[in-house]
Structures are given as structure tokens and as C-alpha cells.
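Enquirer: Below, each chain spelled out in residue letters.
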Amino acid sequence: MTNGFSIDIKNLTKKFGAFTAVDDVSFSVKKGEIFGFLGPNGSGKSTTIRMLCGLMSPTSGTAEVAGFDINQNPEQVKTKIGYMSQRFSLYNDITVSQNIDFWGTLYKVSASDMKERKETLIADLNLEDWKNRLTQTLPGGIKQRLALGCAMLHQPEIIFLDEPTGGVDPVSRRNFWSVIDQLSASGTTVFVTTHFLDEAEYCQNVGMIYNAKLIALGSPTALRENTFKETSIELDVSNPMEAVSIIPDHPDVAESSIFGNLVHAILKPGISWSPDVETSFRTFLENRHLVLKSAEPVVPSLEDVFIHLIDQISKGKA
Amino acid sequence: MKSLNFGRMKVVALKEFRQIGRDRRSLGIYIFLPIFMLLMFGYALTYDVKEVRLGILDQSRTADSREFISKFTETEFFAYGMTVDRYGDADYLLDKRIVVAILVIPPDFSRKILAGSESQVQILVDGSNANEATQVQSYFSLITSQFNQKFRMDFLARNGQNQYLPMDIRPRIWYNPELRSSRYLVPGLIVYIMMLLAVISTAVSIVREKERRTLEQLMISPIKPAELILGKTIPYLIISLIAAYGILTAAWFLFGATVAGSHLYLFLIVLLFLIGALGLGLLISTIAPNQSVAFMIAAFVSVLPTILLSGFIFPIESMHPFLQAVSLVIPGRYFLEALRFIIIKGAGPEAWWPDLVGLIVFVTIVLGITRTKLNQLIR
Numbered sequence: 000m001t002n003g004f005s006i007d008i009k010n011l012t013k014k015f016g017a018f019t020a021v022d023d024v025s026f027s028v029k030k031g032e033i034f035g036f037l038g039p040n041g042s043g044k045s046t047t048i049r050m051l052c053g054l055m056s057p058t059s060g061t062a063e064v065a066g067f068d069i070n071q072n073p074e075q076v077k078t079k080i081g082y083m084s085q086r087f088s089l090y091n092d093i094t095v096s097q098n099i100d101f102w103g104t105l106y107k108v109s110a111s112d113m114k115e116r117k118e119t120l121i122a123d124l125n126l127e128d129w130k131n132r133l134t135q136t137l138p139g140g141i142k143q144r145l146a147l148g149c150a151m152l153h154q155p156e157i158i159f160l161d162e163p164t165g166g167v168d169p170v171s172r173r174n175f176w177s178v179i180d181q182l183s184a185s186g187t188t189v190f191v192t193t194h195f196l197d198e199a200e201y202c203q204n205v206g207m208i209y210n211a212k213l214i215a216l217g218s219p220t221a222l223r224e225n226t227f228k229e230t231s232i233e234l235d236v237s238n239p240m241e242a243v244s245i246i247p248d249h250p251d252v253a254e255s256s257i258f259g260n261l262v263h264a265i266l267k268p269g270i271s272w273s274p275d276v277e278t279s280f281r282t283f284l285e286n287r288h289l290v291l292k293s294a295e296p297v298v299p300s301l302e303d304v305f306i307h308l309i310d311q312i313s314k315g316k317a
Numbered sequence: 000m001k002s003l004n005f006g007r008m009k010v011v012a013l014k015e016f017r018q019i020g021r022d023r024r025s026l027g028i029y030i031f032l033p034i035f036m037l038l039m040f041g042y043a044l045t046y047d048v049k050e051v052r053l054g055i056l057d058q059s060r061t062a063d064s065r066e067f068i069s070k071f072t073e074t075e076f077f078a079y080g081m082t083v084d085r086y087g088d089a090d091y092l093l094d095k096r097i098v099v100a101i102l103v104i105p106p107d108f109s110r111k112i113l114a115g116s117e118s119q120v121q122i123l124v125d126g127s128n129a130n131e132a133t134q135v136q137s138y139f140s141l142i143t144s145q146f147n148q149k150f151r152m153d154f155l156a157r158n159g160q161n162q163y164l165p166m167d168i169r170p171r172i173w174y175n176p177e178l179r180s181s182r183y184l185v186p187g188l189i190v191y192i193m194m195l196l197a198v199i200s201t202a203v204s205i206v207r208e209k210e211r212r213t214l215e216q217l218m219i220s221p222i223k224p225a226e227l228i229l230g231k232t233i234p235y236l237i238i239s240l241i242a243a244y245g246i247l248t249a250a251w252f253l254f255g256a257t258v259a260g261s262h263l264y265l266f267l268i269v270l271l272f273l274i275g276a277l278g279l280g281l282l283i284s285t286i287a288p289n290q291s292v293a294f295m296i297a298a299f300v301s302v303l304p305t306i307l308l309s310g311f312i313f314p315i316e317s318m319h320p321f322l323q324a325v326s327l328v329i330p331g332r333y334f335l336e337a338l339r340f341i342i343i344k345g346a347g348p349e350a351w352w353p354d355l356v357g358l359i360v361f362v363t364i365v366l367g368i369t370r371t372k373l374n375q376l377i378r
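Quick note, the sequences are listed as chains A and E, same order. Numbering that gives the first Met the number 0 puts the first sequence at residues 0 to 317. Numbering that gives the first Met the number 0 puts the second sequence at residues 0 to 378.
These aren't lab readings, by the way, just hints derived from the structure by calculation. There may be inaccurate statements among the hints.
25 Å max Cα-Cα, derived DSS-like pairs, lysine-lysine [stated by the list, open to error]:
{"no.": "1", "chain 1": "A", "residue 1": "K107", "chain 2": "E", "residue 2": "K223"}
{"no.": "2", "chain 1": "A", "residue 1": "K79", "chain 2": "E", "residue 2": "K209"}
{"no.": "3", "chain 1": "E", "residue 1": "K149", "chain 2": "E", "residue 2": "K111"}
{"no.": "4", "chain 1": "E", "residue 1": "K372", "chain 2": "A", "residue 2": "K14"}
{"no.": "5", "chain 1": "A", "residue 1": "K114", "chain 2": "E", "residue 2": "K9"}
Pair ranges (Cβ atoms, derived) [claimed, not checked]:
{"no.": "6", "chain 1": "E", "residue 1": "P224", "chain 2": "A", "residue 2": "V170", "range": "36 to 42 Å"}
{"no.": "7", "chain 1": "A", "residue 1": "H194", "chain 2": "E", "residue 2": "Q375", "range": "28 to 34 Å"}
{"no.": "8", "chain 1": "A", "residue 1": "S109", "chain 2": "E", "residue 2": "I312", "range": "51 to 57 Å"}
{"no.": "9", "chain 1": "A", "residue 1": "T12", "chain 2": "E", "residue 2": "I306", "range": "48 to 54 Å"}
{"no.": "10", "chain 1": "E", "residue 1": "L263", "chain 2": "A", "residue 2": "S109", "range": "37 to 43 Å"}
{"no.": "11", "chain 1": "E", "residue 1": "L38", "chain 2": "A", "residue 2": "G165", "range": "47 to 53 Å"}
{"no.": "12", "chain 1": "A", "residue 1": "G139", "chain 2": "E", "residue 2": "V325", "range": "48 to 54 Å"}
We treat Cβ as the ideally placed atom computed from N, Cα and C, and that holds for glycine.
Sequences are here, hints too, so could you generate the full structure?
Expert: So, in C-alpha cells, the structure goes:
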């Protein structure tokens with residue numbers, strides 16, 4: 000780890016015949032970071048992960064994972080990473096305890112470490128009563144935590160999570176993310192793909208891939224700010240129907256729209272939300288016999304960002 | 000290639016055994032199928048014709064005719080079925096299969112033979128089972144000619160002439176003196192079960208990992224492909240060996256069939272064939288997208304040709320020349336022939352070396368293709 004990066008990808012490209020699955024992708028992930036890799040199905044997410052895990056060699060370009068080149072040392076890479084896929088990939092037809100032993104042995108965890116880690120894992124997941132039962136009898140959320148535990152038995156530097164929360168209930172999803180936070184806090188790099196864009200908010204940095212190309216990279220906040228230059232405000236006004244037609248007359252407003260009982264206003268470029276602007280809105284409405292109950296800037300979701308970026312790409316093509 | 004990690008191989012094999020033990024359906028296939036087949040082929044599906052119910056229409060009713068009849072009923076091939084009163088009943092009795100054959104002795108039987116002229120006896124046979132009918136016919140001819148011989152010699156003796164036979168036939172059947180089909184079937188059964196166990200279960204078990212995505216998880220782990228493949232196939236190798244020796248033991252216990260030849264050669268031939276069969280299973284698993292397709296392909300390329308073309312049930316020599324040519328590419332054929340040489344005849348390599356060559360070619364080709372396919376899959 001010469002440069003402090005856990006994953007350092009340079010011009011990674013994978014072609015299957017005439018089809019380009021991953022097109023000249025470059026980015027890096029810092030040690031201990033939670034990195035979200037987002038994109039619709041078939042966009043090149045899985046192919047990228049497979050190359051990073053040493054399952055597939057790139058057509059061109061390279062990547063360093065945990066300090067090892069994926070082209071030259073794929074076997075070394077494998078010992079430094081953990082992987083958990085979207086579908087539960089432990090053996091359902093052997094017991095919980097047998098599964099833990101199986102994966103531990105594959106990663107050559109020493110017997111003494113194994114004993115301790117197994118006990119910790121079973122205690123953490125409250126599986127004492129379940130350890131001799133078939134794995135298929137576990138509830139979904141616990142199974143997923145167990146799969147993560149098994150993928151972490153060898154204490155990898157990087158854990159790759161491929162759609163880890165698919166098919167899991169919302170409460171378990173939230174619990175799962177708190178486990179991911181703990182992993183990151185203890186120094187493990189987490190590389191996670193998801194199509195739940197709300198989950199990407201938990202990530203320190205995200206990369207968005209679309210049609211094999213990386214279309215955005217950065218922290219969720221930076222992405223929002225860079226994508227939407229204009230500030231959007233949500234106003235709770237006494238008479239929204241009347242307000243929506245009046246508000247565009249305010250000098251700072253570019254346009255307005257009704258949004259349920261609320262009014263959304265997009266400010267002119269370069270103007271951001273401040274107490275002064277809020278006062279000017281209140282006075283503006285009071286002069287027209289309307290009461291401003293509350294006003295706050297709307298935070299665009301990452302989904303908004305993603306859709307906006309894709310729109311721009313398709314407009315660019317047209 | 001760096002050295003293989005035995006611990007990883009062992010843990011994969013152990014896991015495989017646990018899964019097999021958990022899976023009642025496959026456990027049933029591995030344990031009960033060989034036993035069931037052995038009983039079925041040994042007892043129910045025997046080709047031996049025995050105790051054929053014989054109806055007797057004795058119109059002569061003399062000491063000679065009764066002696067002639069007793070020559071039939073005292074063998075184990077025929078059993079006394081019933082006495083038939085009228086020739087007209089024959090149709091009904093054979094039709095309803097109350098008897099399988101009817102021996103008809105004409106009224107002038109005694110008179111004619113004593114007068115030194117020829118008497119005609121008749122046997123009516125239900126020909127719906129061609130194999131049975133042929134055998135009844137040949138037993139009939141055999142018993143009749145023995146009777147003729149004895150009668151002629153007695154006749155000559157009574158007339159003060161020398162007892163003299165120009166030729167005395169003393170048939171002596173080698174290797175399988177009791178002419179028991181069960182003994183002949185044991186090698187075929189081993190071939191069949193080996194194909195079934197090794198090819199189908201290997202193919203299905205690997206495709207199952209593909210389907211449940213555990214294979215992906217395995218590939219990402221540092222396990223080497225060779226460790227994974229050996230770990231996954233060794234359990235099936237062991238189970239197949241147990242099944243093969245189970246068949247031999249059961250055949251000895253039930254039918255008294257023993258291995259005439261060298262146990263070492265037997266083991267080596269079985270092992271060689273199994274390696275090829277496991278490789279074939281692996282090869283199928285690289286092609287098949289899911290378990291049911293894997294099962295179909297495996298059954299189609301392994302079990303079916305083994306039953307039809309290896310000589311297990313239909314002798315290769317009596318096949319159409321085209322099918323004989325096709326049978327040359329059926330590995331079961333070589334395995335079966337070698338097994339029959341070793342188990343039944345007790346023959347050494349000088350007898351079955353062409354089969355050994357056939358098997359080595361099969362194993363080399365299968366492992367070669369499998370290796371290429373697996374490499375494509377991994378990288």
C-alpha cells in the first residue's frame with residue numbers, strides 16, 4: 000500500500016467479443032473507506048467486482064487491490080479480500096457451525112484463531128442455540144450476517160459486498176449497515192454495490208457506472224452539489240395554490256411548482272439559501288397577504304442525481 | 000503448479016459427504032439402487048429358462064412313453080404341468096399360458112419304435128417369448144436325442160450286438176459351468192452403477208454449486224482449482240468404489256458368484272474407469288446451466304449407451320455392423336469386457352489389453368477436454 004489506497008483502478012476495460020462490459024474505468028478507494036458502487040443491472044458493476052476479486056482478467060488496464068496487481072498476483076489478492084454476494088452463498092444443507100469451519104479452513108485460518116473467531120461470531124449473532132442446526136433454518140437477516148461473518152473470518156483488508164441487502168427486510172438492512180460502519184471504523188475497506196440508492200448515503204464515496212462507463216465519482220454531498228447548481232426550496236404557505244403563481248415574481252426565483260400541499264421553488268443560479276433570503280421571501284409573501292409557515296432547502300437524493308446524469312447523457316447522444 | 004493444500008481438499012470432501020448424507024434422495028440412489036438392480040437382474044430378469052410348465056398329451060400310455068416323459072420331468076428345465084386329455088385343448092392351454100409347452104406322444108409310439116420304425120413326437124411351444132421358445136426347443140431336441148441313443152443301445156444289446164457309439168458328446172462349459180446369467184450380469188451391473196454414480200452425481204453436484212452461487216464464493220477464496228476438483232470428486236470416487244465392491248460382495252452372498260481373476264487388476268481397472276467417468280461428469284458440469292440439464296446430459300451420454308451398446312444386455316457380436324462400430328466409442332464396452340475377463344474368466348492382461356488401451360484412450364481424451372474447458376471457465 001504505497002499510496003494509501005486499498006483499491007487503485009487504472010483504465011480498467013473488459014470486452015466480451017464486440018461488447019464492452021467495462022469501459023476505461025479509473026478510480027481509487029482509500030483504506031477503511033466505505034465505497035458505494037452504483038448502477039443499474041447490466042451496467043458493468045459485477046464485471047468490475049469480478050476483475051477486482053481476481054475471477055476474471057481485464058482486457059486492458061490494471062488495478063491494485065490490497066497492494067497486489069490483479070493481473071500479476073490474482074492469488075495474492077484472493078487471500079487479502081473477503082466477498083459476499085447478493086444471494087446467500089453459504090451451504091444451506093450443512094449446519095451453521097460446519098459452514099463457519101468450512102470457510103475458515105478454505106482461508107487457512109489457524110486453529111487457535113479459528114476457535115476464538117468462531118466463538119465471537121456465534122456470540123455476536125446470538126447463534127449459540129442455532130449452531131448445530133441446518134443453515135437453511137436461519138431467518139434471512141441472520142443468514143446474511145452469518146455470510147458476512149464467514150467472509151470476514153480471515154480478517155481481510157477489503158470486503159467486497161455485491162448487493163448485500165437484496166431480499167432482506169428494512170430493519171435487517173439498517174442493522175447490516177451499522178455492522179458495515181463498524182467494519183470501516185476498525186480499518187476494513189468496504190466496497191459495496193447496491194441498487195438501493197438511499198443506501199449509498201451511508202457511503203463516504205460513491206462511483207456511478209452506467210453503460211460500462213463511470214459517470215460520477217465523489218462523496219454523496221459533492222455529487223449533489225456538483226449536479227444541481229441551483230438550490231431548490233420547499234415552502235409551506237397558507238394558500239399554496241395562490242402562492243405558486245405569485246412566487247415566480249420574487250427576484251431570486253427561476254421557477255416554482257406545486258408539490259402536494261407544498262410549493263417548490265428553484266432559485267436562480269448562484270443564489271443559495273440563507274436567513275436573508277428567507278426573510279425576503281417572508282416579507283414578499285406577507286405583502287401579498289400570504290403567511291410563510293416554514294421554508295427549507297430540498298436536499299436532492301442520489302437517485303435524483305443519478306437520473307439527472309443519465310438524462311444528460313441521453314440528451315448528449317440525441 | 001505449487002503444492003496442493005491437503006486441509007482445503009479434505010474440508011471440501013468432508014462437506015460433500017455431509018451434503019450427500021443429508022440428501023435422502025441421492026443417498027437412496029447410492030445405496031439402494033445397486034442392491035435393487037442386483038436383485039432385479041439376478042432374480043427377476045434372468046435369461047435362464049427353468050421349470051417350464053410342460054403339458055403332456057400321452058396318447059400311447061405305455062411304459063415306453065412314460066419313460067420318455069420322465070426324461071423331461073426329471074430335468075430342472077421342465078416341470079410337470081398337467082395331463083392334457085385332448086389335442087383340441089392345446090390351443091386354450093397355451094393361450095392362457097397354463098402350460099408353456101405341450102409334449103404330444105402319438106397312440107402308435109410304442110408300437111412303432113419297437114417295430115424298428117420311426118415314431119413322430121411333437122412339442123407345441125408358446126413362442127411369444129422367443130428366447131424361451133428357442134431354449135425349450137433345444138432342450139427338447141437334446142432330451143429326445145439322448146432318449147434315442149439309449150433306446151438304440153438297449154435295442155442293440157437285446158439283439159446280442161455290441162454297444163457301440165460312433166461319437167460321444169460330453170459337453171463341458173467353462174467359466175460359468177452352471178450357465179447362470181446372474182454371474183454373467185455382475186460385471187455389467189458394475190459398469191452400469193459406476194456410470195450412474197460417477198458421471199451423474201459428479202455433474203449434478205458441481206452444477207448445484209453453480210446454481211446456488213457457492214461456486215462463485217469458492218472461486219473467490221484462495222482454494223486452487225485442483226484442490227476444489229479433487230475435494231469434490233474424491234467422495235464420489237469412494238462411494239463408487241464402495242458400490243462396486245458392494246455389488247461383488249452381494250453377488251457372492253446371493254448367487255455365490257466369485258471373482259475368478261486378480262483382485263489387483265480388478266481394482267486398477269475399476270479405478271481407471273472411474274477417473275474417466277468422474278472426468279466426464281466434470282466435463283458435463285462445465286456445459287450444463289442447471290441441475291436438470293446436467294442430469295439429462297449425463298444420463299444421455301453415460302447410462303443409455305452403457306445399457307444399449309456396451310454389451311451389458313445385448314451382445315455386441317449380434318448387433319448390426321453399424322451399431323458395432325458405434326459401440327467402439329462407448330467406454331463402458333471396454334470396461335465391461337475387461338471386467339468379464341477378470342471376474343468370470345480370471346484372465347490376465349494378455350487377454351484384455353485391447354480393452355485397457357481403449358480405456359486409457361477414453362480417460363486421456365476426457366481429462367484433456369475437461370482440463371481445457373475448466374481453464375476456460377476459470378480464466
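Enquirer: Each hint: holds or not?
Expert: Here's how the hints hold up against the structure:
1. A:K107 - E:K223: OK: K107 (chain A) and K223 (chain E) at ~12 Å, within 25 Å.
2. A:K79 - E:K209: Cα-Cα ~24 Å, so holds.
3. E:K149 - E:K111: holds (16 Å)
4. E:K372 - A:K14: holds (20 Å)
5. A:K114 - E:K9: holds (19 Å)
6. E:P224 - A:V170: 36 to 42 Å: holds (40 Å)
7. A:H194 - E:Q375: 28 to 34 Å: Given about 30 Å between the Cβ atoms, the range holds.
8. A:S109 - E:I312: 51 to 57 Å: holds (56 Å)
9. A:T12 - E:I306: 48 to 54 Å: Cβ of T12 (chain A) to Cβ of I306 (chain E): about 51 Å, so the range 48 to 54 Å holds.
10. E:L263 - A:S109: 37 to 43 Å: At 41 Å between Cβs, range holds.
11. E:L38 - A:G165: 47 to 53 Å: holds (50 Å)
12. A:G139 - E:V325: 48 to 54 Å: Given about 52 Å between the Cβ atoms, the range holds.
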